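Colleague: With the hints as extra help, turn the sequences into a complete structure.
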Amino acid sequence: MDNRTFANQFLEPKRTGNFIKDLNPLSKLNIFLAFGLSALILGDYRYGFGMVVFLLAVAVLAGCLRSYLKVYWKILLFFGVFLFGMKAAFSPGEQILWQKWGIHISVESLHSALVLTSGVLAFCAAVIMFVQTTEWSDLTYALEQKGVSHVTSFVILSAFQSISDLGVNAKVIMESQKARGIETEGNVIRRIKAYIPVMGPLVLNAISSVEEKSIAMDARAFSAAGTHTYLLELPKVKGGEKALVAVVDILLVLSVVWRVAGWLILN
Amino acid sequence: MKKWNKLTIFLIPIGIAVNAVGGQLALALKLPVFLDCIGTFVTAALCGIGPGLVVAVGTQLINAITTPTVLAYIEIGMLFAVESFFFAKWGIFKSLWKSALSGIGVALVAVCLAVPTTAFFLGGFAGTGATTIAAALMASGWDVLPATFVSEAVSEGTDKIVCLIIIFFVLKAIPDRLKVKLPNAAFFIKEMEE
Numbered sequence: 001m002d003n004r005t006f007a008n009q010f011l012e013p014k015r016t017g018n019f020i021k022d023l024n025p026l027s028k029l030n031i032f033l034a035f036g037l038s039a040l041i042l043g044d045y046r047y048g049f050g051m052v053v054f055l056l057a058v059a060v061l062a063g064c065l066r067s068y069l070k071v072y073w074k075i076l077l078f079f080g081v082f083l084f085g086m087k088a089a090f091s092p093g094e095q096i097l098w099q100k101w102g103i104h105i106s107v108e109s110l111h112s113a114l115v116l117t118s119g120v121l122a123f124c125a126a127v128i129m130f131v132q133t134t135e136w137s138d139l140t141y142a143l144e145q146k147g148v149s150h151v152t153s154f155v156i157l158s159a160f161q162s163i164s165d166l167g168v169n170a171k172v173i174m175e176s177q178k179a180r181g182i183e184t185e186g187n188v189i190r191r192i193k194a195y196i197p198v199m200g201p202l203v204l205n206a207i208s209s210v211e212e213k214s215i216a217m218d219a220r221a222f223s224a225a226g227t228h229t230y231l232l233e234l235p236k237v238k239g240g241e242k243a244l245v246a247v248v249d250i251l252l253v254l255s256v257v258w259r260v261a262g263w264l265i266l267n
Numbered sequence: 001m002k003k004w005n006k007l008t009i010f011l012i013p014i015g016i017a018v019n020a021v022g023g024q025l026a027l028a029l030k031l032p033v034f035l036d037c038i039g040t041f042v043t044a045a046l047c048g049i050g051p052g053l054v055v056a057v058g059t060q061l062i063n064a065i066t067t068p069t070v071l072a073y074i075e076i077g078m079l080f081a082v083e084s085f086f087f088a089k090w091g092i093f094k095s096l097w098k099s100a101l102s103g104i105g106v107a108l109v110a111v112c113l114a115v116p117t118t119a120f121f122l123g124g125f126a127g128t129g130a131t132t133i134a135a136a137l138m139a140s141g142w143d144v145l146p147a148t149f150v151s152e153a154v155s156e157g158t159d160k161i162v163c164l165i166i167i168f169f170v171l172k173a174i175p176d177r178l179k180v181k182l183p184n185a186a187f188f189i190k191e192m193e194e
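Protein sequence lines, in the order shown, are assigned to chains C and W.
Mapping of the first sequence onto the working numbering: position 205 corresponds to residue 205, and the numbering continues sequentially without gaps.
Mapping of the second sequence onto the working numbering: position 153 corresponds to residue 153, and the numbering continues sequentially without gaps.
For the record, the hints were derived by calculation from the structure and aren't laboratory data.
Derived pair list, reagent style DSBU-like, types lysine-lysine, alpha-carbon separation capped at 35 Å:
1. W:179 x W:30
2. C:171 x W:89
3. W:172 x C:171
Partial pick of chain W residues on the chain C-facing surface, computed with a CB cut under 7 Å:
4. 7
5. 10
6. 11
7. 25
8. 58
Please read all numbers here as calculations on a predicted model, not as lab measurements.
Every residue, glycine too, gets a C-beta built ideally from N, C-alpha and C.
Modeller: The structure is reproduced here in structure tokens:
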């Protein structure tokens, strides 16, 4: 890349070339939340598991299958296997299939386990999918365009930065306390005792750095009044994207109506 | 958000990070407690309810990136912020034993809020160590509600007592010259009370 193309890329709105990733962050948030909530609302395990598979396909299309599965497999294990097992084993039911040591697996418990598991899995999939396809700075930028204060953007982005910074600090402090002879292994009491000499300096350091940070930020016109300028721009939201969001929202409303109507008819 | 003290705004991300890193550290040391709300308590005690609420909600949203089910418990963290503000106001954070005792209260309220969600929404499955206790109790014939209640009460109770003791030490160790610049300085510094 020569200097001219490098400079020119800042004149164009930011695009990755992938349709899903290039959606406006707020549209994406809306769409994925609607997907996740509809699975919870409908309470139909075929729809829920269908949504999980569908979102896997979306992950492939967005080209983030690997990073998506890296987060999602834990959910699959915890909620897909353990939650399912717990619900299936202990929910009340009439038609008992298998029974031993206080565990009753029945047709009803299996069904309620399927419903719950599919809903939770689909909701988690949607949330994780949103996070995997969106950059936080894009989301905060989109929020600022909607009139949210830049202080909010700072808080969100700075929180992520602080987490990784403090994580590094914690490791350093733990190593130094070990060097001073504090034991970090052994029984529970000993390990709790090791927690305090790590956490104490960590929190105190972080809090006292706040003052320096606020001075440094004000020196860079953090609290200056006036309109802000941006280095990057997001593509304009097109009609097709708006239509997509509208369709998904209508489907969500329909699923609520469907569920409420079904409940009213039953009673 | 405009009327907040500038230091308060800069403390919010730190509070969120302290919550997250505190939890990670507890995991790294293989402690049986979570200790993932220290930042919420400290921020709310020093800066007030509003910033504490922002820290609580922010922490849960960030946790939701990897485990979206925590969103079902978002109100509990918010309650911690409110409790912490009043504890600071009533001077509970000035004595160690009062802090530890109030940990029991905090845990009880948290359990009462968490149990219905865990029992009815997730069928007793909280995804933490407490779940094994709940499963064992349910296997020996307990109903889902009492089983979840006992298991959560045990784990929350120890967690919050240890948590509040640590918070007591942290708040005590923050130098007065920093506290004095924060909104709730009068709760901690004697000379400012009049």
